[in-house]
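For this one, chain A is given, so just place chain B on it according to the hints.
The listed protein sequences derive, respectively, from chains A and B.
The numbering of the first sequence is the working numbering, which starts it at 1 and goes up by one.
The numbering of the second sequence is the working numbering, which starts it at 1 and goes up by one.
Hints were generated in silico from the structure; no laboratory data involved.
A portion of the hints provided could be inaccurate.
Treat identical chains as interchangeable: a pair holds within one or across any two.
[Said to hold, decoys possible] Here are the simulated DSSO-like cross-link-like pairs (lysine-lysine), alpha carbons at most 30 Å apart as the crow flies: (1) Lys68 with Lys29; (2) Lys29 with Lys45; (3) Lys68 with Lys45; (4) Lys25 with Lys45.
2 protein chains.
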Amino acid sequence: MKNVFSYTPIGHLRTPYTTAESIPKAMGKPPVAEGVIELDPAYEKGLLDIEGFSHLLVIVAFHLSIDKPLRVMPPGQSRERGVFATRSPHRPNALGILTVELLSRSGTNLNIRGVDVVDGTPVLDIKPYLRHFDCRPESGTGWIGEQ
Amino acid sequence: MKNVFSYTPIGHLRTPYTTAESIPKAMGKPPVAEGVIELDPAYEKGLLDIEGFSHLLVIVAFHLSIDKPLRVMPPGQSRERGVFATRSPHRPNALGILTVELLSRSGTNLNIRGVDVVDGTPVLDIKPYLRHFDCRPESGTGWIGEQ
Numbered sequence: 001m002k003n004v005f006s007y008t009p010i011g012h013l014r015t016p017y018t019t020a021e022s023i024p025k026a027m028g029k030p031p032v033a034e035g036v037i038e039l040d041p042a043y044e045k046g047l048l049d050i051e052g053f054s055h056l057l058v059i060v061a062f063h064l065s066i067d068k069p070l071r072v073m074p075p076g077q078s079r080e081r082g083v084f085a086t087r088s089p090h091r092p093n094a095l096g097i098l099t100v101e102l103l104s105r106s107g108t109n110l111n112i113r114g115v116d117v118v119d120g121t122p123v124l125d126i127k128p129y130l131r132h133f134d135c136r137p138e139s140g141t142g143w144i145g146e147q
Numbered sequence: 001m002k003n004v005f006s007y008t009p010i011g012h013l014r015t016p017y018t019t020a021e022s023i024p025k026a027m028g029k030p031p032v033a034e035g036v037i038e039l040d041p042a043y044e045k046g047l048l049d050i051e052g053f054s055h056l057l058v059i060v061a062f063h064l065s066i067d068k069p070l071r072v073m074p075p076g077q078s079r080e081r082g083v084f085a086t087r088s089p090h091r092p093n094a095l096g097i098l099t100v101e102l103l104s105r106s107g108t109n110l111n112i113r114g115v116d117v118v119d120g121t122p123v124l125d126i127k128p129y130l131r132h133f134d135c136r137p138e139s140g141t142g143w144i145g146e147q
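Pulled out of the complex, with its shape left as it was, chain A reads as follows (with noise of 0.2 Å):
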């Protein structure tokens, strides 16, 4: 079995964060600053018919990410979380899941809505966004929403 797997970002991620620290803790809201995903012009052919989506999945690297605790403490929060019951940057793998509005395409640029992340953030995948997949109005809130 594999015990390493390694990614070569396909682009970067630019946003209006140049520090961890600007970025709006946003609980029980989407994250509504504007952005542009940069693709390496290498992927290009990749993003045929892309625009037809109104909605993408970008993974991405939390690369300021250094440590990989199993416990963290949420912004405004008295008590640990289990890392994996939380969205948090520092985690065993450093990945991000950003789910945001495609407004438009220029070349290799997506602009796109929804970018809760810093500044040159390596982007390693884009994926359509499919409402009957993703989409699961049901689901509960989980601790969040016991505030």
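Chain B alone, transformed into the frame defined by chain A:
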């Protein structure tokens, strides 16, 4: 800028599918097969509070993927699409996102519904599904809706 990001699996998925060919290609509805996330016991502390969530996002490594095409022919389609406009496992960075229902937890095993990957697929990350971030009922269906 770092050029390669490496991740060690935190566990593996048990599913009913021993080959990629045996996985139902159900366009238009979520997969219903049940499976198990077998987390490496070293990460058990990270599961605290996960039982409170009804749904999870699971990032997997498509470990059987060998090529990295930029255009792919989706099942039942008559023309190729850009790979970033598909959920094909064959992509530049062979990462997958599964949205699954958490049925129950037994120690470091998470019993889930909604698996459409082969048995033994490496798990890289587990996150709570957060409706206000991840559920976009207003989303379109792109080329999939044109059929």
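Intra- versus inter-copy proximity for lysine 29 and lysine 68 (alpha-carbon distance at most 30 Å): within (26 Å within a copy, 35 Å between copies)
Intra/inter-copy verdict for lysine 68 and lysine 45 if alpha-carbon distance must be at most 30 Å: between (36 Å within a copy, 12 Å between copies)
With identical chains treated as interchangeable, where does the CA-CA distance between lysine 29 and lysine 45 reach 30 Å or less: within a copy, between copies, both, or neither? between (34 Å within a copy, 28 Å between copies)
What label fits lysine 25 with lysine 45 when the C-alpha limit is 30 Å: within, between, both, or neither? Cα proximity of lysine 25 and lysine 45: across copies only (25 Å, versus 35 Å in one copy).
When each numbered hint is compared with the structure, no violation occurs for any of them.
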